[in-house]
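Colleague: Quick mapping for you: the protein sequence lines, in order, are chains A and B. So the first sequence is residues 9 to 344, counted in my numbering. So the second sequence is residues 105 to 726, counted in my numbering.
Be aware that one or more of the hints could be misleading.
Quick list of in silico lysine-lysine cross-link-like pairs, DSS-like style, CA-CA up to 27 Å [to be verified]:
id, chain 1, residue 1, chain 2, residue 2
1, A, K62, B, K492
2, B, K365, B, K339
3, B, K511, A, K62
4, A, K62, B, K365
5, B, K448, B, K511
6, B, K235, A, K62
7, B, K318, B, K307
8, A, K62, B, K553
9, B, K511, B, K553
10, A, K77, B, K293
11, A, K62, B, K318
12, A, K77, B, K307
13, B, K492, B, K307
What the hints contain is simulated information worked out from the structure, not anything from laboratory work.
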Amino acid sequence: MFAYTVRRLLQMIPLLLAASVVIYALLALQPGDPLDELRRQNPRITAEQFEALKRAYGLDQPLHIRYFKWLSRAVQGDLGYSRTYGIPAAEYIFVQRLPKTLLLSGLALTLALVVAIPVGVFSAVRQYSLADYAITFLSFVGFSMPVFFLGILLLYLFAIWLPDHIPGFPRFPTGGVPGVLWEDVRSGAISFWYFLGQWAWHLILPVIALSSLQMAEWTRFMRASLLEVLSQDYIRTARAKGLSERVVLYKHALRNALIPIVTLVGLAIPGVLGGATITETIFSYPGMGRAIFDALVEKDYNVAMAALAFLALMTALFNLLADLAYAVVDPRIRYS
Amino acid sequence: MQKVGKLAVLGITALGLALAGPQDNSLVIGASQEPRVLAGDFLSVISNQSIKSEIEQYLFAPLIGFNANSENFPVLATQVPTQQNGRLRVTDIGGGKKRLEMDLTIRPDARWSDGKPITTEDVQFYFEVGKAKGMPVLNPDYWERVNLRVKDARNFTVIFEPAYYYDTYGSPIGYAPKHIMGPEWEKVKAAARGLDSDKDAEKLNELYRNFFLKFATPQALNRGAMVYSGPFKLKRWVPGNSIEMERNPNFPIKPEGGESKYVQKVVYRFIQNTNSLLVAVIGGSIDATSSVSLTFDQARSKQLTSRAPGRFDIWFVPGAIWEHIDINKFENCQTVRDLGLNDKRTRQAILHALNREGLVKAFFDGLQPVAHTWIAPVNPLFNPNVKKYEFDLKKAEALLAEMGWRKGPDGILQRTVGGRTVRFEIEYVTTAGNAIRERTQQFFAEDLKKIGIAVKINNAPSAVVFADDYIQRASECKWTGMFEFAWVSNLQEDGGLFQYKNLNTGAIMVPTKENNYQGQNIGGWRNDEFDRLTSQAVLEFDEAKRKALFARAQEIWAEELPALPLYFRANPYVVRKGLVNYVASAYSGGYGYPGWNAWEIGWESRGAVKKWDQAKYALSVK
Chain A
9 MFAYTVRRLL QMIPLLLAAS VVIYALLALQ PGDPLDELRR QNPRITAEQF
59 EALKRAYGLD QPLHIRYFKW LSRAVQGDLG YSRTYGIPAA EYIFVQRLPK
109 TLLLSGLALT LALVVAIPVG VFSAVRQYSL ADYAITFLSF VGFSMPVFFL
159 GILLLYLFAI WLPDHIPGFP RFPTGGVPGV LWEDVRSGAI SFWYFLGQWA
209 WHLILPVIAL SSLQMAEWTR FMRASLLEVL SQDYIRTARA KGLSERVVLY
259 KHALRNALIP IVTLVGLAIP GVLGGATITE TIFSYPGMGR AIFDALVEKD
309 YNVAMAALAF LALMTALFNL LADLAYAVVD PRIRYS
Chain B
105 MQKVGKLAVL GITALGLALA GPQDNSLVIG ASQEPRVLAG DFLSVISNQS
155 IKSEIEQYLF APLIGFNANS ENFPVLATQV PTQQNGRLRV TDIGGGKKRL
205 EMDLTIRPDA RWSDGKPITT EDVQFYFEVG KAKGMPVLNP DYWERVNLRV
255 KDARNFTVIF EPAYYYDTYG SPIGYAPKHI MGPEWEKVKA AARGLDSDKD
305 AEKLNELYRN FFLKFATPQA LNRGAMVYSG PFKLKRWVPG NSIEMERNPN
355 FPIKPEGGES KYVQKVVYRF IQNTNSLLVA VIGGSIDATS SVSLTFDQAR
405 SKQLTSRAPG RFDIWFVPGA IWEHIDINKF ENCQTVRDLG LNDKRTRQAI
455 LHALNREGLV KAFFDGLQPV AHTWIAPVNP LFNPNVKKYE FDLKKAEALL
505 AEMGWRKGPD GILQRTVGGR TVRFEIEYVT TAGNAIRERT QQFFAEDLKK
555 IGIAVKINNA PSAVVFADDY IQRASECKWT GMFEFAWVSN LQEDGGLFQY
605 KNLNTGAIMV PTKENNYQGQ NIGGWRNDEF DRLTSQAVLE FDEAKRKALF
655 ARAQEIWAEE LPALPLYFRA NPYVVRKGLV NYVASAYSGG YGYPGWNAWE
705 IGWESRGAVK KWDQAKYALS VK
C-alpha cells in the first residue's frame with residue numbers, strides 16, 4: 009500500500025508538468041494580450057511607449073521563455089503577481105478566495121451529503137411507496153432545475169416577494185459577503201456569534217442553490233445503489249440466518265452501497281475547490297469560480313495559472329485518495 | 105469606547121438591509137464592480153478601473169475640477185488659469201509647436217485629512233513618482249510632455265511642451281501625500297538605483313507596484329495607511345461587500361447652508377451580479393446607482409419602472425461611447441474594389457438604407473439618440489449642422505444605380521467589374537455574444553436586403569476581433585466589409601480616429617505593415633484637408649477658432665462618411681427622490697461619473713440645496 013502510494017505520487021509529477029504546459033499554452037495562445045485594451049483606451053500611446061509597457065509586464069518574450077520563467081519561480085513557491093489586483097497571485101487565490109469557496113462549496117457539499125444519504129436510504133427501503141414517489145419527483149425537479157434559474161428565483165422570493173407580501177418576513181441579503189470583518193471580532197467590536205450569524209445569514213440562499221443539484225443526484229445514486237445491494241444473495245443469506253433488519257441494512261447493505269458514493273464524492277471535491285462560477289456570479293460571492301473566470305477574461309495569467317495548476321494538483325490528489333478510500337471501504341480491494 | 109465601535113459596525117450591517125438615505129443623512133450607492141485598490145495607486149499603475157476613479161472623487165479633490173457643463177472650476181486651487189487672468193500663457197516654440205505654462209496657487213486652507221497642509225511638496229512628489237524611470241504609466245504621452253516649476257510652498261507652474269488645447273481641461277497635474285508616502289518612496293528609489301529601464305523593466309515594475317500597494321489595499325487602508333484630501337475620507341472597506349466613507353472636516357469648501365445639511369456618510373455597496381443589484385435597488389436598500397451598475401435594459405425593465413413613481417428617478421445620461429460601423433476602404437483588397445467601398449457614394453447609400461431612427465426607437469425607446477458624427481453632442485466641439493442621412497431607400501437605390509448596380513436574378517445587386525460579374529454581398533463583423541450588437545446586425549441586415557445588399561455575418565468574441573492581428577489588419581483584407589464596435593468619443597478630441605497623418609507628430613494613423621499596425625484609423629481613410637484641420641485645431645487655444653476648425657472637419661467627415669455613425673450609448677442611473685446634486689453628464693469630472701461635486705450631495709429633506717438638475721443632462725423613461 010505504501011509503495012503503491014509513493015509510486016502514484018511520483019507518477020503525478022510528469023502529469024502535473026504536462027498539465028501546466030497545456031494550461032499555460034492555452035492561456036497564452038488565446039487571442040489578444042492583456043495590453044490590447046489599453047491601446048484602445050489610450051489612442052495617444054506610441055509604438056515605443058507600448059513596447060516599453062510590454063517589457064514591464066514581461067510580455068515581449070516568446071511563449072516558451074515565459075513558461076520556463078514562470079515554472080522556475082513557481083517551484084520556488086513564487087506564483088507571481090496578479091496583474092489586475094496588484095497583489096501576489098498566491099495570496100489572492102489561497103488567502104482571499106479559496107477559504108471563501110471552501111466555506112460555500114464545502115457547506116453545500118456537506119448539506120447535499122447529509123440530506124442525500126438518509127433520504128436515498130429511506131427512499132430505497134420504502135421502494136414504490138408514496139414517499140418514494142415524492143422523493144423521486146423532487147429529485148428530478150432538483151436535477152433539472154438549472155442553478156442560474158433557481159438562484160434568481162430564490163433571490164426574488166426571499167429578498168423581494170416574501171418580505172413584500174408577508175409582514176415581518178426577514179429580507180434576505182441579495183448576495184455578497186456580510187459587512188463584518190474578522191478584525192472587528194478580534195478588537196471586540198462585535199461578538200463571534202454575531203459574526204458567525206451574519207455569515208450564516210448571507211450563506212443560506214447560495215448554499216441551498218448550490219447544493220440542490222448534488223443533493224438530487226446523490227439521492228438517486230444512493231437509492232439505486234442500495235436497491236441493487238439489497239437484491240444480492242448475501243443479503244438474502246443474512247436475512248435467512250435471522251439477523252435483524254437493522255443489522256442487515258446498516259451493516260451489510262449500506263457499507264457496500266456506499267462504495268459508488270465514495271467515488272462520486274471523491275470526484276466532486278476538486279470541483280468544490282474550483283468554486284461554483286454560476287452560483288458565485290448570481291450571489292456576487294467572491295469565490296474561486298469567479299476568480300478563475302475573471303482572470304481568464306482579463307487575461308490575468310498569473311492568477312489563472314495559480315488557480316488552474318492548483319486544481320490540476322487537487323484533481324490528481326483526490327483521485328488517488330478516492331482510490332485509497334476504496335480499500336478502506338471495500339475489503340476486497342487491495343493495492344500492491 | 106467598545107460600545108461605540110459596536111454601534112458603528114451594527115450600523116453598517118443594518119445599512120445592508122433597508123434603513124438608508126435621509127433617516128441618518130447617509131447615501132448608499134450600488135455598484136456592480138469593486139475597486140481592486142484605491143488611494144495609494146495615485147497614477148493608476150495597478151488599476152485603472154472606472155469604479156476606482158469614481159470613488160476617488162469622494163476621497164481626493166482635484167486642483168481644478170470639471171463640472172457637468174464641461175467647464176473648469178477651482179477646487180483646491182485658488183483660480184482657474186486663463187489667458188485673461190494672466191495665469192495661462194501660450195508661446196510658439198517653432199516647428200508649428202506650442203508651449204503652455206499655467207500658474208497655479210494652492211488654497212491656503214487646503215489640508216490633508218490628518219491636518220497637514222497640502223503644499224507644492226505634494227505636487228513635486230507626484231511629479232517625481234510619475235517621471236521615475238520605467239514607471240509603467242498608462243498615459244506616457246502626458247508624462248513625456250509635462251514639466252513642473254515650483255515657486256514656493258503654494259505657487260507653482262505646470263509646463264507642457266509640445267502643448268495641445270486639451271491640456272487646459274481639468275487639473276494639469278495631481279498631488280500625493282509626501283509626508284505619508286515619501287519615506288517609502290526613498291527606499292524604492294534606492295532599490296531602483298542601478299536598474300536599467302530597458303533591461304530590468306519587469307523588476308522596476310514590481311518595485312513600483314509594491315510601493316503603491318502599501319497604500320492602496322483594503323488591509324492597508326483599514327489600518328489607516330493613507331490620508332485624504334477630498335470631502336470624504338475612507339473609514340472602512342469590507343472586501344466583497346462595501347466601502348464606507350465619512351465626511352472629512354478638513355475639506356475647505358463648505359456647501360450652501362453648512363455641511364451638516366449634506367450627506368455625512370457615503371457607502372458604496374458592491375453587488376457584482378447586476379440582476380441581484382436590481383433586486384437590491386427594488387428592495388430599497390440602495391439610494392443611487394454608480395456609473396458601473398445596472399445595464400441599459402435593466403434600467404428600463406418593468407420590475408423597476410413600475411415601482412419607480414414616487415420612489416426613484418431613472419435617468420439615461422447620454423455618454424461618450426460612440427457605436428458605429430467602420431468600413432474597409434483599402435483599395436488593395438479586391439472585395440473593397442468590387443463593392444466600391446472606397447467610393448463615398450457606396451457608404452452614403454448604405455447609411456441611407458439603415459433605419460437608425462427605427463433601431464433606437466425599437467431597441468432603446470429613443471433613449472440613445474442617433475449620431476451624425478463621431479463627436480459626442482455634449483462635447484463643446486460638436487457640430488450639429490453636418491449633413492444627415494435620413495432613412496431613405498430610394499436615395500440609397502439611386503446612389504447604387506449610379507455606381508452600376510442592378511438587381512440580379514436572386515434579388516441581390518450585381519455589376520460588372522473588369523469583365524467579372526460581382527454580387528453585392530458584404531461582410532458584417534461584430535463582437536459575438538453582445539446581444540444588442542447582434543440584434544442590431546439582424547435589424548440592419550433586413551434593411552440592406554430591401555435594397556438588394558446581402559449581408560454575410562462574421563462575428564467572433566471580442567478578444568478575437570479586437571486582437572491586433574484582426575482589427576488592425578484591414579490593409580491585409582482580414583476583414584473586408586463592415587465592422588461594428590464602439591470608440592470612446594474623447595473629450596480631448598484630436599481627430600486621431602480618422603487622420604491619415606498627424607501633422608504635428610508625423611505619425612501615420614492608418615495601421616499597415618509599414619508602421620507596425622499602429623493607429624486607430626483602421627478602415628484606412630485618407631483626407632488631407634481633414635488631417636490639416638484637425639492637426640491645426642489641437643494647437644488652437646482660442647476656443648472659437650478651434651470650434652470652427654473642428655466644425656469644418658466634421659462637415660468633411662459627414663460628407664465622406666469614412667464610418668457609419670449609429671448612436672451614442674447612454675448610462676442609466678437610478679436615484680432616490682429627494683437626493684440632490686448627484687448628477688452626471690457625459691464629461692462631468694472628466695470621465696462622466698456622478699460624485700465630481702461630492703461635497704454638495706445631500707437630501708432635500710435634510711436641508712440640502714439643489715444646485716444641479718440631472719434633467720438638464722439626461723433623458724428619462726416616461
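Colleague: Give a verdict on every hint.
Modeller: Hints, verified against the model:
no. : hint               : verdict
1   : A:K62 with B:K492  : violated (42 Å)
2   : B:K365 with B:K339 : holds (20 Å)
3   : B:K511 with A:K62  : violated (51 Å)
4   : A:K62 with B:K365  : violated (50 Å)
5   : B:K448 with B:K511 : holds (21 Å)
6   : B:K235 with A:K62  : holds (18 Å)
7   : B:K318 with B:K307 : holds (17 Å)
8   : A:K62 with B:K553  : violated (45 Å)
9   : B:K511 with B:K553 : holds (11 Å)
10  : A:K77 with B:K293  : holds (26 Å)
11  : A:K62 with B:K318  : holds (24 Å)
12  : A:K77 with B:K307  : holds (13 Å)
13  : B:K492 with B:K307 : violated (53 Å)
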